[in-house]
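The residues making up each chain are set out below.
2 protein chains.
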Amino acid sequence: MRELSNNEVKYINKLYLAKYRKEEKKFIVEGKHLILEAKNAGVLLECYTTDSSFDGTLISEESMRKVCKTNTTVNALGICKLFEAHKLTDKILALDAIQDPGNLGTLMRSAKAFGFDTILLGRGTVDIYNDKVIRSSQGAIFKLNFINDEIKEFMHDHPEYEYYGTDVKTGSEAEAIKPSKRFAIILGNEGNGMQEGLKTLTKANIYIPLINTESLNVSVAGSILMYLYK
Amino acid sequence: MRELSNNEVKYINKLYLAKYRKEEKKFIVEGKHLILEAKNAGVLLECYTTDSSFDGTLISEESMRKVCKTNTTVNALGICKLFEAHKLTDKILALDAIQDPGNLGTLMRSAKAFGFDTILLGRGTVDIYNDKVIRSSQGAIFKLNFINDEIKEFMHDHPEYEYYGTDVKTGSEAEAIKPSKRFAIILGNEGNGMQEGLKTLTKANIYIPLINTESLNVSVAGSILMYLYK
Numbered sequence: 027m028r029e030l031s032n033n034e035v036k037y038i039n040k041l042y043l044a045k046y047r048k049e050e051k052k053f054i055v056e057g058k059h060l061i062l063e064a065k066n067a068g069v070l071l072e073c074y075t076t077d078s079s080f081d082g083t084l085i086s087e088e089s090m091r092k093v094c095k096t097n098t099t100v101n102a103l104g105i106c107k108l109f110e111a112h113k114l115t116d117k118i119l120a121l122d123a124i125q126d127p128g129n130l131g132t133l134m135r136s137a138k139a140f141g142f143d144t145i146l147l148g149r150g151t152v153d154i155y156n157d158k159v160i161r162s163s164q165g166a167i168f169k170l171n172f173i174n175d176e177i178k179e180f181m182h183d184h185p186e187y188e189y190y191g192t193d194v195k196t197g198s199e200a201e202a203i204k205p206s207k208r209f210a211i212i213l214g215n216e217g218n219g220m221q222e223g224l225k226t227l228t229k230a231n232i233y234i235p236l237i238n239t240e241s242l243n244v245s246v247a248g249s250i251l252m253y254l255y256k
Numbered sequence: 027m028r029e030l031s032n033n034e035v036k037y038i039n040k041l042y043l044a045k046y047r048k049e050e051k052k053f054i055v056e057g058k059h060l061i062l063e064a065k066n067a068g069v070l071l072e073c074y075t076t077d078s079s080f081d082g083t084l085i086s087e088e089s090m091r092k093v094c095k096t097n098t099t100v101n102a103l104g105i106c107k108l109f110e111a112h113k114l115t116d117k118i119l120a121l122d123a124i125q126d127p128g129n130l131g132t133l134m135r136s137a138k139a140f141g142f143d144t145i146l147l148g149r150g151t152v153d154i155y156n157d158k159v160i161r162s163s164q165g166a167i168f169k170l171n172f173i174n175d176e177i178k179e180f181m182h183d184h185p186e187y188e189y190y191g192t193d194v195k196t197g198s199e200a201e202a203i204k205p206s207k208r209f210a211i212i213l214g215n216e217g218n219g220m221q222e223g224l225k226t227l228t229k230a231n232i233y234i235p236l237i238n239t240e241s242l243n244v245s246v247a248g249s250i251l252m253y254l255y256k
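Those protein sequences? They're chains A and B, same order as listed. For the first sequence, my numbering gives the first residue as 27, with consecutive numbering after it. For the second sequence, my numbering gives the first residue as 27, with consecutive numbering after it.
Mixed in with the good hints, there may be bad ones.
Copies of the same chain look alike in the list, so a pair counts if it fits in one copy or across any two.
Said to hold, decoys possible - Cut-off 30 angstroms, straight-line C-alpha distance, at most; resulting in silico cross-link-like pairs (DSBU-like, lysine-lysine):
| no. | residue 1 | residue 2 |
| --- | --- | --- |
| 1 | Lys95 | Lys158 |
| 2 | Lys207 | Lys225 |
| 3 | Lys58 | Lys229 |
| 4 | Lys51 | Lys229 |
| 5 | Lys225 | Lys107 |
| 6 | Lys95 | Lys229 |
| 7 | Lys195 | Lys58 |
| 8 | Lys195 | Lys169 |
| 9 | Lys195 | Lys95 |
| 10 | Lys48 | Lys92 |
| 11 | Lys195 | Lys65 |
| 12 | Lys204 | Lys256 |
| 13 | Lys158 | Lys204 |
| 14 | Lys158 | Lys40 |
| 15 | Lys113 | Lys195 |
None of these hints come from the bench; they were simulated from the model.
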């Protein structure tokens, strides 16, 4: 067992910031469960642990406390390399500036569960390597394909897909829509919805009928649509 | 405009703790939108604001900073009385130890949207007056009927309802279920699911078919079921 050096502590803590993750091309996962998922996905580079039965560099609990972010101290911390984009899948979930880490993680979990294996991350969407995103994805993040692109440009470059927007006011009812084999659902920002400019480019804009309420949480609305079109 | 006294600051801050809310039978809402919802619901007792155009006691921004909990300073803070239970509605959402405030708030929002107007709060469920619950409910909390009871006792006292549990392993497929007019859906704890003891008391236990994944976020799963049985 050893102590982490000050430089190691500093280096790991920097990886909690989006800017340094991008520079270093690395991100952090906490807890054995997520580390095993990262290992299976082939992105785990290093592992520090306080548990001698777990595979990794054994460090002291004091050292662990200096580098883990969750309140309850974890017994393992992994450093991973960023994901590479893979081949597009038939079903795509496109996110237009989803800002809440919990919403993004929850959407990943549902996307995996309903077969939307590619996620298009439009501009303004929260960093997928954010620790809260990873935690709320419950490991789904390691099983998805991520594309970073402007949604409008992606639509232009990929006319082989059908695109469905979401619009609480002037849309088509969700159950009336029958998507073809290759399609994308576009979800909008928590406060402002989908950019106006995309609405005329989609095949249809969808809404979910609600009783005396304006809207659902975006991760709920997106999950209901993915469930319907699974 | 006036400053809040030290006693007032202390009193308001105590209301962020469940224990004092229960003692004082009061809770806090932040922001004009929620305060107006509270007023419409007839539970608003007092309002403090830094905005002279808003109805309430005008206080300084410094005073407001001492009593508001959200990071971005709000311009209005309301003190409300706790809700009273009303007549049971036909559709009930029963919560068996839902612990995450964001999940509870999101479920309230979906329950309102899909006509599940009574929420049965089983033992171990997070306090509905928690500030994060109120924020993520987006005002839906003021339009619902809450019952505090052991789920098992409620089931015993209300045999006029059909009860549907949730069970990822041995359940019936969601779309095969056709509930009658009066029914309750029971959602289980984030980590452990529904108590084993309830499973034999329900008419059926429901699961949502998933691809290569164990489970959905509970607020997503509950919302999909409420959508299907709306």
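Going down the list of hints, with the structure as the test:
1. Taking CA atoms no more than 30 angstroms apart as the test, Lys95 paired with Lys158 passes in both settings, with 10 angstroms inside one copy and 21 angstroms between copies.
2. Taking the shortest Cα distances, Lys207 and Lys225 sit within 30 angstroms of each other inside one copy (21 angstroms), while across copies they are farther apart (38 angstroms).
3. In this homomeric assembly, Lys58 and Lys229 never come within 30 angstroms of each other (Cα to Cα): the closest approach is 43 angstroms inside a single copy and 38 angstroms across copies.
4. In this assembly of identical chains, the alpha carbons of Lys51 and Lys229 never lie at most 30 angstroms apart, being 37 angstroms within a copy and 52 angstroms across copies at closest.
5. Within a single copy, Lys225 and Lys107 get their C-alpha atoms no closer than 36 angstroms, and across copies no closer than 43 angstroms, so neither meets the 30 angstroms cut-off.
6. Taking the closest pair of Cα atoms, Lys95 and Lys229 never come within 30 angstroms of each other, the shortest separation being 43 angstroms inside a single copy and 43 angstroms across copies.
7. In the homo-oligomer, the alpha carbons of Lys195 and Lys58 lie at most 30 angstroms apart only across protomers (24 angstroms), although the nearest pairing inside one protomer, at 44 angstroms, exceeds that limit.
8. For the identical chains of this complex, Lys195 and Lys169 are inter-copy neighbours only, at 22 angstroms across copies versus 34 angstroms inside a copy, given an alpha-carbon limit of 30 angstroms.
9. Taking the shortest alpha-carbon separations for Lys195 and Lys95, neither the intra-copy value of 41 angstroms nor the inter-copy value of 33 angstroms comes in at or below 30 angstroms.
10. In the homo-oligomer, the alpha carbons of Lys48 and Lys92 lie at most 30 angstroms apart inside one protomer (22 angstroms), although the nearest pairing across protomers, at 37 angstroms, exceeds that limit.
11. When the C-alpha separation of Lys195 and Lys65 is checked against a cutoff of 30 angstroms, the pair qualifies only between copies, where the shortest distance is 27 angstroms, while the shortest distance within a copy is 44 angstroms.
12. Taking the shortest Cα distances, Lys204 and Lys256 sit within 30 angstroms of each other both inside one copy (11 angstroms) and across copies (21 angstroms).
13. For the homomeric pair Lys158 and Lys204, neither the shortest alpha-carbon distance inside one copy (34 angstroms) nor that between copies (37 angstroms) is at most 30 angstroms.
14. Taking CA atoms no more than 30 angstroms apart as the test, Lys158 paired with Lys40 passes in both settings, with 16 angstroms inside one copy and 28 angstroms between copies.
15. In this assembly of identical chains, Lys113 and Lys195 lie within 30 angstroms of each other by CA distance neither inside one copy nor across copies; the values are 34 angstroms within and 32 angstroms between.
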